[in-house]
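Visitor: Sequence:
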Amino acid sequence: MGVTHRITVPPGQAGERLDRFLSGALPGFSRSRIQQLIGEGNVRVGTAAARASTRMRGNEVVTVSVPTPRPLDLVPEDRPLRVLFQDEHLIVVEKPSGMVVHPSPGHPGGTLVNVLLSRADRLSGIGGVVRPGIVHRLDRDTSGILVVAKTDEVHANLSAQFASHRMVDRRYHGIVLGKPPRASGTVVTQVGRHPVHRKKMAVLAKGGRNAVTHYRCIESYGPFSLVEFRLETGRTHQVRVHSASLSCPIVGDDVYGRSRKVPLGKGPSGTTVTLGRFFLHAFHLGFLHPATGERMEFAIPDPPEFAAFRAAVLEAYG
Numbered sequence: 001m002g003v004t005h006r007i008t009v010p011p012g013q014a015g016e017r018l019d020r021f022l023s024g025a026l027p028g029f030s031r032s033r034i035q036q037l038i039g040e041g042n043v044r045v046g047t048a049a050a051r052a053s054t055r056m057r058g059n060e061v062v063t064v065s066v067p068t069p070r071p072l073d074l075v076p077e078d079r080p081l082r083v084l085f086q087d088e089h090l091i092v093v094e095k096p097s098g099m100v101v102h103p104s105p106g107h108p109g110g111t112l113v114n115v116l117l118s119r120a121d122r123l124s125g126i127g128g129v130v131r132p133g134i135v136h137r138l139d140r141d142t143s144g145i146l147v148v149a150k151t152d153e154v155h156a157n158l159s160a161q162f163a164s165h166r167m168v169d170r171r172y173h174g175i176v177l178g179k180p181p182r183a184s185g186t187v188v189t190q191v192g193r194h195p196v197h198r199k200k201m202a203v204l205a206k207g208g209r210n211a212v213t214h215y216r217c218i219e220s221y222g223p224f225s226l227v228e229f230r231l232e233t234g235r236t237h238q239v240r241v242h243s244a245s246l247s248c249p250i251v252g253d254d255v256y257g258r259s260r261k262v263p264l265g266k267g268p269s270g271t272t273v274t275l276g277r278f279f280l281h282a283f284h285l286g287f288l289h290p291a292t293g294e295r296m297e298f299a300i301p302d303p304p305e306f307a308a309f310r311a312a313v314l315e316a317y318g
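Just so you know, we're using our numbering here: the sequence shown kicks off at 1 and counts up by one.
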């Protein structure tokens, strides 16, 4: 059987869009999942079906009917995947660069979800049919640590932790072009869809969602720097957008930065390297275990490509 949620809209949230209101009221559901439920007619305001853009009046009752997930038709795939921790509640893994987290029209297989289906005895269904267990995501080229839920209760708990931004500690290493304006600092902006290029995110003057990133420059070599980023919020492409806003785009990021072809050195002795990924790595993740309350902290080294690129830069620039 499915699950039904009934939420009374607080008067203070009058005027808010239905999908945005539900994103805050149901932290276990992504906004895209909520919009899917609305589009399928599973959300009612009072007794009437509603649209995602419906504005709340305050004190009305919103009913969300979540159907039982259809049986997964995803194919388990046995591929190399480093498991950092696993129990009956969750699994923590190291996602390699180049692997998409969940299936999509352009990536029907070879995803982290496909591999997880061969490693975990069960995954939560709250994220929808093609996203079992997925609480948070990393871009395809971003490597690093992910936590995946095995039950709906754990999924909802972890999602609430990620949404509150207080219990979760997410840190990244990125190799950037240039040097940040200060040795350390904080970027606070609104981030939302680019007004023209809708597949991109951008820093917006208004209309976006609040985004906060703390950064620290670890080392500079040649025209590049190794920077640690700590997320206080978790917006789509947040690190990439904020790094670019500092005029220090992630090396190899051909969406928010420059080409994957990176020139090294100067003059006739210079060369160009073509990168197979951009240099962003989620090296640290901390959260509270939903079942035990224990603080869980995981850290992994940077992938070997980081050291190889640094060595190539030092050789090129002396």
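Treat the hints as calculated values from the structure; they're not laboratory data. Hints are supplied without guarantee of correctness; some may be wrong.
[To be verified] Quick list of in silico lysine-lysine cross-link-like pairs, DSSO-like style, CA-CA up to 27 Å:
hint, residue 1, residue 2
1, Lys179, Lys200
2, Lys261, Lys206
3, Lys266, Lys206
4, Lys266, Lys199
5, Lys261, Lys200
Visitor: With reference to the structure, classify each hint as holding or not holding.
Guide: Hint by hint, here is what the structure shows:
| no. | hint | in the structure |
| --- | --- | --- |
| 1 | Lys179 <-> Lys200 | holds (24 Å) |
| 2 | Lys261 <-> Lys206 | violated (34 Å) |
| 3 | Lys266 <-> Lys206 | violated (41 Å) |
| 4 | Lys266 <-> Lys199 | violated (35 Å) |
| 5 | Lys261 <-> Lys200 | holds (21 Å) |
In this structure, the hints that do not hold are numbers 2, 3, 4, in rising order.
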